[in-house]
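Keeping their order, the protein sequence lines are chains L and Z.
To get our numbering, take the position in the first sequence, counting from 1, and add 2.
To get our numbering, take the position in the second sequence, counting from 1, and add 2.
No wet-lab data here; the hints were simulated from the structure.
Fair warning: there could be bad hints in the mix.
Just so you know, same-sequence chains aren't split out, so a pair can sit in one copy or run between any two.
Listed below are the simulated DSSO-like cross-link pairs for lysine-lysine, each with C-alpha atoms no more than 27 Å apart in a straight line [unchecked claim]:
#1 225 <-> 333
#2 333 <-> 67
#3 69 <-> 333
#4 225 <-> 147
#5 325 <-> 336
#6 225 <-> 336
#7 325 <-> 225
#8 383 <-> 147
#9 147 <-> 333
#10 383 <-> 67
There are 2 protein chains.
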Amino acid sequence: MTYRAPINDMLLALNHGAGLNAAVAAGHYGNYDSEITAAVLEEAGRFASEVLAPLNRVGDSNGIKLKDGKVTTSPGWPDAYQRWIAAGWNAVSGAEAYGGQGLPLALNAVCTEIWAASNVAFGLCPLLTLSAIEALDAHGSEELKNIYLEKLISGEWTGTMQLTEPQAGSDVGALRARAERADDGSYRVFGTKIFITYGEHDMTDNIVHFVLARLPDAPAGTKGISLFLIPKFLVNADGSLGARNDIYCSGIEHKLGMHAAPTCTMTMGDNGGAIGYLIGEENRGMQCMFTMMNQARLCVGLEGVGLADRAYQQALAFAQERKQGRAVGEKPSKSDPIIVHPDVKRMLLQMRAMTAAARTISYATAVALDVSFRASDPAVKAAAATRAALLTPIAKAFSTDIGNEVASLGVQIHGGMGFIEETGAAQHLRDARITPIYEGTNGIQAIDLVTRKLAPNGGEAVWALIGELTAIVDEVEASNDPAFGSTAAKLREGLAALERASNWLLQRLPNQPNDALAGATPYLRLFGSALGGCMLASEALAARTMEGIGDAQRYVTLARFFAENVTVQATALERTVTEGADAVTGADAVLLA
Amino acid sequence: MTYRAPINDMLLALNHGAGLNAAVAAGHYGNYDSEITAAVLEEAGRFASEVLAPLNRVGDSNGIKLKDGKVTTSPGWPDAYQRWIAAGWNAVSGAEAYGGQGLPLALNAVCTEIWAASNVAFGLCPLLTLSAIEALDAHGSEELKNIYLEKLISGEWTGTMQLTEPQAGSDVGALRARAERADDGSYRVFGTKIFITYGEHDMTDNIVHFVLARLPDAPAGTKGISLFLIPKFLVNADGSLGARNDIYCSGIEHKLGMHAAPTCTMTMGDNGGAIGYLIGEENRGMQCMFTMMNQARLCVGLEGVGLADRAYQQALAFAQERKQGRAVGEKPSKSDPIIVHPDVKRMLLQMRAMTAAARTISYATAVALDVSFRASDPAVKAAAATRAALLTPIAKAFSTDIGNEVASLGVQIHGGMGFIEETGAAQHLRDARITPIYEGTNGIQAIDLVTRKLAPNGGEAVWALIGELTAIVDEVEASNDPAFGSTAAKLREGLAALERASNWLLQRLPNQPNDALAGATPYLRLFGSALGGCMLASEALAARTMEGIGDAQRYVTLARFFAENVTVQATALERTVTEGADAVTGADAVLLA
Numbered sequence: 003m004t005y006r007a008p009i010n011d012m013l014l015a016l017n018h019g020a021g022l023n024a025a026v027a028a029g030h031y032g033n034y035d036s037e038i039t040a041a042v043l044e045e046a047g048r049f050a051s052e053v054l055a056p057l058n059r060v061g062d063s064n065g066i067k068l069k070d071g072k073v074t075t076s077p078g079w080p081d082a083y084q085r086w087i088a089a090g091w092n093a094v095s096g097a098e099a100y101g102g103q104g105l106p107l108a109l110n111a112v113c114t115e116i117w118a119a120s121n122v123a124f125g126l127c128p129l130l131t132l133s134a135i136e137a138l139d140a141h142g143s144e145e146l147k148n149i150y151l152e153k154l155i156s157g158e159w160t161g162t163m164q165l166t167e168p169q170a171g172s173d174v175g176a177l178r179a180r181a182e183r184a185d186d187g188s189y190r191v192f193g194t195k196i197f198i199t200y201g202e203h204d205m206t207d208n209i210v211h212f213v214l215a216r217l218p219d220a221p222a223g224t225k226g227i228s229l230f231l232i233p234k235f236l237v238n239a240d241g242s243l244g245a246r247n248d249i250y251c252s253g254i255e256h257k258l259g260m261h262a263a264p265t266c267t268m269t270m271g272d273n274g275g276a277i278g279y280l281i282g283e284e285n286r287g288m289q290c291m292f293t294m295m296n297q298a299r300l301c302v303g304l305e306g307v308g309l310a311d312r313a314y315q316q317a318l319a320f321a322q323e324r325k326q327g328r329a330v331g332e333k334p335s336k337s338d339p340i341i342v343h344p345d346v347k348r349m350l351l352q353m354r355a356m357t358a359a360a361r362t363i364s365y366a367t368a369v370a371l372d373v374s375f376r377a378s379d380p381a382v383k384a385a386a387a388t389r390a391a392l393l394t395p396i397a398k399a400f401s402t403d404i405g406n407e408v409a410s411l412g413v414q415i416h417g418g419m420g421f422i423e424e425t426g427a428a429q430h431l432r433d434a435r436i437t438p439i440y441e442g443t444n445g446i447q448a449i450d451l452v453t454r455k456l457a458p459n460g461g462e463a464v465w466a467l468i469g470e471l472t473a474i475v476d477e478v479e480a481s482n483d484p485a486f487g488s489t490a491a492k493l494r495e496g497l498a499a500l501e502r503a504s505n506w507l508l509q510r511l512p513n514q515p516n517d518a519l520a521g522a523t524p525y526l527r528l529f530g531s532a533l534g535g536c537m538l539a540s541e542a543l544a545a546r547t548m549e550g551i552g553d554a555q556r557y558v559t560l561a562r563f564f565a566e567n568v569t570v571q572a573t574a575l576e577r578t579v580t581e582g583a584d585a586v587t588g589a590d591a592v593l594l595a
Numbered sequence: 003m004t005y006r007a008p009i010n011d012m013l014l015a016l017n018h019g020a021g022l023n024a025a026v027a028a029g030h031y032g033n034y035d036s037e038i039t040a041a042v043l044e045e046a047g048r049f050a051s052e053v054l055a056p057l058n059r060v061g062d063s064n065g066i067k068l069k070d071g072k073v074t075t076s077p078g079w080p081d082a083y084q085r086w087i088a089a090g091w092n093a094v095s096g097a098e099a100y101g102g103q104g105l106p107l108a109l110n111a112v113c114t115e116i117w118a119a120s121n122v123a124f125g126l127c128p129l130l131t132l133s134a135i136e137a138l139d140a141h142g143s144e145e146l147k148n149i150y151l152e153k154l155i156s157g158e159w160t161g162t163m164q165l166t167e168p169q170a171g172s173d174v175g176a177l178r179a180r181a182e183r184a185d186d187g188s189y190r191v192f193g194t195k196i197f198i199t200y201g202e203h204d205m206t207d208n209i210v211h212f213v214l215a216r217l218p219d220a221p222a223g224t225k226g227i228s229l230f231l232i233p234k235f236l237v238n239a240d241g242s243l244g245a246r247n248d249i250y251c252s253g254i255e256h257k258l259g260m261h262a263a264p265t266c267t268m269t270m271g272d273n274g275g276a277i278g279y280l281i282g283e284e285n286r287g288m289q290c291m292f293t294m295m296n297q298a299r300l301c302v303g304l305e306g307v308g309l310a311d312r313a314y315q316q317a318l319a320f321a322q323e324r325k326q327g328r329a330v331g332e333k334p335s336k337s338d339p340i341i342v343h344p345d346v347k348r349m350l351l352q353m354r355a356m357t358a359a360a361r362t363i364s365y366a367t368a369v370a371l372d373v374s375f376r377a378s379d380p381a382v383k384a385a386a387a388t389r390a391a392l393l394t395p396i397a398k399a400f401s402t403d404i405g406n407e408v409a410s411l412g413v414q415i416h417g418g419m420g421f422i423e424e425t426g427a428a429q430h431l432r433d434a435r436i437t438p439i440y441e442g443t444n445g446i447q448a449i450d451l452v453t454r455k456l457a458p459n460g461g462e463a464v465w466a467l468i469g470e471l472t473a474i475v476d477e478v479e480a481s482n483d484p485a486f487g488s489t490a491a492k493l494r495e496g497l498a499a500l501e502r503a504s505n506w507l508l509q510r511l512p513n514q515p516n517d518a519l520a521g522a523t524p525y526l527r528l529f530g531s532a533l534g535g536c537m538l539a540s541e542a543l544a545a546r547t548m549e550g551i552g553d554a555q556r557y558v559t560l561a562r563f564f565a566e567n568v569t570v571q572a573t574a575l576e577r578t579v580t581e582g583a584d585a586v587t588g589a590d591a592v593l594l595a
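Chain L extracted, bound-state conformation (with noise of 0.2 Å):
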């Protein structure tokens, strides 16, 4: 079965849940005309169903090729991806003085869900492009911004980024490749790169690699380390295409999932070095890093939302036509679709209820983004900085998280069929278990949201949130609607929880860090627990005073369920981060026995 953006449930998460309209309201969006979003979010979906979804099967299947350094993508990946580029796709959020067309990132947010969601594997290559473009937007120089921006925003090349090497992954400090600097104010980089993500493919003309080196006298660790653009083919004067640079994929690895996504070692330097660009200041390569790590980590997040509410989508439309057994109380001749069972419809609704979560926790952090860059008062830029700060960690990890638990929920209600590759519901989770690990592990999520995003100023960015997440369960409180059942109960115990352990991270990182630390990956899912029931229930509220919607009381109970059945691990969930810290720290008699 193709795929379907969920247009309405994407809306009342964009604008009320995730506070887009609220935000256009406060006039942070300057002129944005709220009227285009569902159109443009229409043709994402009609073009991600025709297009991309048809051919989500055929790239895990087919895989890619390798031969001679030259990487061939899968029957019909090269055209799809041209007619993405002459859609325009490509430069939803591109800056319009390089023929973007300036969009609202939480509106590229809704469209990167959907692209991960008809077709991952592809979605991933304009990720990395994006990525390539805000690191050089912000730090590249004004000649090699007209040289690429342009084409890295329309899609007519793609780009990478190259980081990892065997021994530098998460401590990216250890990498090795090294950079010489050249007479004409260029480089030569020599090195090889591992895990590069389209490194090398057939469906654009020219790929630029953004590329970590150290040069000759550089600081160890990461104030050693300075970025550079490099051209897979080198740019002449007139924008044409001129030599081979000095940059080859030598390998690709064979996934678990993603097949369709070339994985490329890239070998530099085999020919006297492959051509280079400084991007920033030199040794200051890490900071560019940074600026677009907030960025590149929210829409991985979406991949996690993208692929939970595709495997969703599949895992109803099989409990809807598979017959197996009948409901309660029929007779034994009767056979009634599976859907009818107690225990799959909790299945159901539980990958419904987290995707839900997830998509507006997501696209939240985009709306906080885009108003950190575009408000006019430094106060509301800052405040929505550190907001979007305080929410990409829980967006990465929260999202891809249950992106897996989510496929794997999809592959159980298929029964036997869902261990068949066929099916497709095995793709899902397999192509998900990538996305808790790459562009920081959820681990390094925990850890970002503990030591940097909670502790700065004794937890401010976190109480304020929970003031206004607080707000929301009085208005639960207050609508006195018994669809709602306990959920204003069980959220109100979430923040409660949320904020004890809050508290006990604060007091213990100063002097025990260790102990914080243990109990960073159960604080980060707290976290997500309350803060997704909150904004569920926010979107519920909403959705109750809105025309035109249908019946508004599925966001009631949509809400409620996650508020009963996920938000009511809180407490648990708190105990494990502050009761649970001496057990992690006497591992080692455990572990290495």
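Go by the hints and put chain Z onto chain L.
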């Protein structure tokens, strides 16, 4: 890296946590010599490490091939199978009257974990044979037993179980394969079966199929199903192989995992009908199935345990070798193995603790089965049968759920390498994904737990177990060992939550069965979390008094970790059961809007 059976952990779990020592002391195992347990397990571990483990990746990469109805297994597999039967591993728990060694099921359960850990796709073949042996032994005629039992027990021939058809999976009663009575007292069977594990292969001369089919005059549903023994090759009076029977492999599945285990479509009747022999009585085939269900489900649970342990061993080794970053407070110039990071420690402990709990639950199920067969006192036998029936769905579902969770954590610890197939971590996740599905989905296990195991006699079986577990908690408290941390308190909360949830379900079952069914899955998880925690605590208590076990404190820390990080979720799970049903019941408004 290869697999090493954790013999000390296994012995502690089997003898103490699972209660083998107590059962032997009570005389339920006759003159079983406990001294041989360790010797058998050491030998099994050696065979697994030397013969089976090296073929695990080979089988995954090569898979199997079907040509002209013949299945070729992976290189080295037929030879390994011959070594397997020559070493007597197929016959461990087989009846002595038919050449088996007559050893306890509990011992075979540990071996089953070892086979699954070293090579789950290989181990699956003897698992199916074991079910065939059970069915034949319990319900077959003396004539059939004399012809087939010895060769199945030795493993010279393998067995299959053929229930599933496209329209009849969990709903076995919907099957349509038909059987006609022949004049000579045999039957002719026609139809197509799917998902038949090792339905065809090249490791033995003959395969003995056990097939469910309907007689022409059979009642509808499960009451009209008969069980037939259908050999691939007919057997002559002198025991030699005769004509090829009319049952053929017409297709194999391309699966997410278990690549080396053929999953066959079997076609019967293209040449006049497969000659079959009735097992048990006509129309009583389902009763024969129920006979073997406990053991088959337990064995799948043990696959979950084995896969979890294999994933853990691999992740632990990686975490000790892979250097990234450094411990808090270390110099930036230093690079530490990632096991120093508290978040990695947490993941490893989670893997180990979950595995250990699932292991003991599974072994305890095997001990209960043994006692139900072996004890002389009818009351003891009956109580043990009730205990085995209660534990079986938990052993199956909890162990296979955690098998997937642990395998996924194993991938996560490997970072980007975890997504690369050659690392091997991903294979465990792919292989594990079928275990919550086959032999009764975990949803069906949960429903079985609630409706058939909890419900009878006002919950008597559950209350008896909670009583025993409470005694363990009392002992933990009485130990006054500060290393237990809040273990006793957490376990007591867990048991209280289990008791309340059980009572709530018992109240709802008669008149609001859907409310009870909606909570079945979280109830099973709650049960496993409380039960597993108590069992690990009992092992820690035992270890503290034992000589020669090394640092016993590690078992205390492990029990503590489980109680503080897993059992702590009990109250939330209870509330999901008792407060979450309304949202599930209201699901249609959400799902079908």
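Violations among the numbered hints: Per hint list: 2, 3, 9 and 10 violated.
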